[in-house]
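Protein chains in written order, with the working numbering: chain U, 53 to 165; chain F, 188 to 306.
Derived from the structure by calculation, the hints contain no laboratory data. A quick note: this is a predicted structure, and the numbers were derived from the prediction, not measured. Do not rely on the hints blindly, as some may be mistaken.
[As the list claims (entries may be wrong)] Result set (DSS-like, lysine-lysine): computed pairs, CA atoms no more than 27 Å apart in a straight line: (1) U:Lys109 - U:Lys121; (2) F:Lys265 - U:Lys94; (3) F:Lys198 - U:Lys121; (4) F:Lys198 - F:Lys249; (5) U:Lys131 - U:Lys111; (6) U:Lys109 - U:Lys131.
[As the list claims (entries may be wrong)] Just so you have them, the derived chain F footprint on chain U, three or more residues with Cβ under 8 Å: (7) 85-97; (8) 151-158.
Beta carbons: idealized from backbone N, C-alpha and C, even for Gly.
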Amino acid sequence: EDQVTQSPEALRLQEGESSSLNCSYTVSGLRGLFWYRQDPGKGPEFLFTLYSAGEEKEKERLKATLTKKESFLHITAPKPEDSATYLCAVVADRGSTLGRLYFGRGTQLTVWP
Amino acid sequence: DARVTQTPRHKVTEMGQEVTMRCQPILGHNTVFWYRQTMMQGLELLAYFRNRAPLDDSGMPKDRFSAEMPDATLATLKIQPSEPRDSAVYFCASGLAMENRPRLDYGYTFGSGTRLTVV
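If we strip away everything but chain U, and leave its shape as in the complex, we get (with noise of 0.2 Å):
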């Protein structure tokens, strides 16, 4: 059965303080992974797409590497504002027409100032 699994559940960050966000997975024939960022009352925003291992992408603070088995989510010198829930989301079936996105339950990053 595929699985996403994201650790730790919920992180505390004191401002500028900088950290790693965990997502594992296991799932047959990765197409790409997601991560995504949920503030409260919100839906999912999309930040970045990730499809083999050894790629990274970057935004601002935030910087997704992808392995065979994990993704990390790094936050560098992390601001007030980036308090949020980050999500993690595989897409599998590859080599299939389909594309549905399964979740992990995310982790709750709170950073204080």
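Since the structure of chain U is already known, use the hints to place chain F on it.
Relative to the frame of chain U, chain F by itself:
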């Protein structure tokens, strides 16, 4: 700024009543998903459409839930009869598939959700 529009934003209803949630996908997107989010289960995929045709609704309780796309600009999710355990936030997301394959570069765009409370 293209967005997915969901209505209503909030719905409180009594057990046994019919609930209809609506979604307007981004113009030009041909793939629509319905998800349900709860604290216990996180985001669960309920149904998935491409070019208005259902591709997968295996995550949806068939006895009370139904999902349709009457046209390319409207997706609906109905619950009849509603039960307290259906209380959750329901999200619609849309994306683009070309040559029948999903385009993943920009992810799927989510709406703001419908918060459903069944009492």
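So, going through the hints one by one against the coordinates:
no.	hint	in the structure
1	U:Lys109 - U:Lys121	holds, 17 Å
2	F:Lys265 - U:Lys94	holds, 21 Å
3	F:Lys198 - U:Lys121	violated, 40 Å
4	F:Lys198 - F:Lys249	holds, 21 Å
5	U:Lys131 - U:Lys111	holds, 14 Å
6	U:Lys109 - U:Lys131	holds, 19 Å
7	85-97	holds (count 7)
8	151-158	holds (count 8)
Of the numbered hints listed earlier, the single one contradicted by the structure is hint 3.
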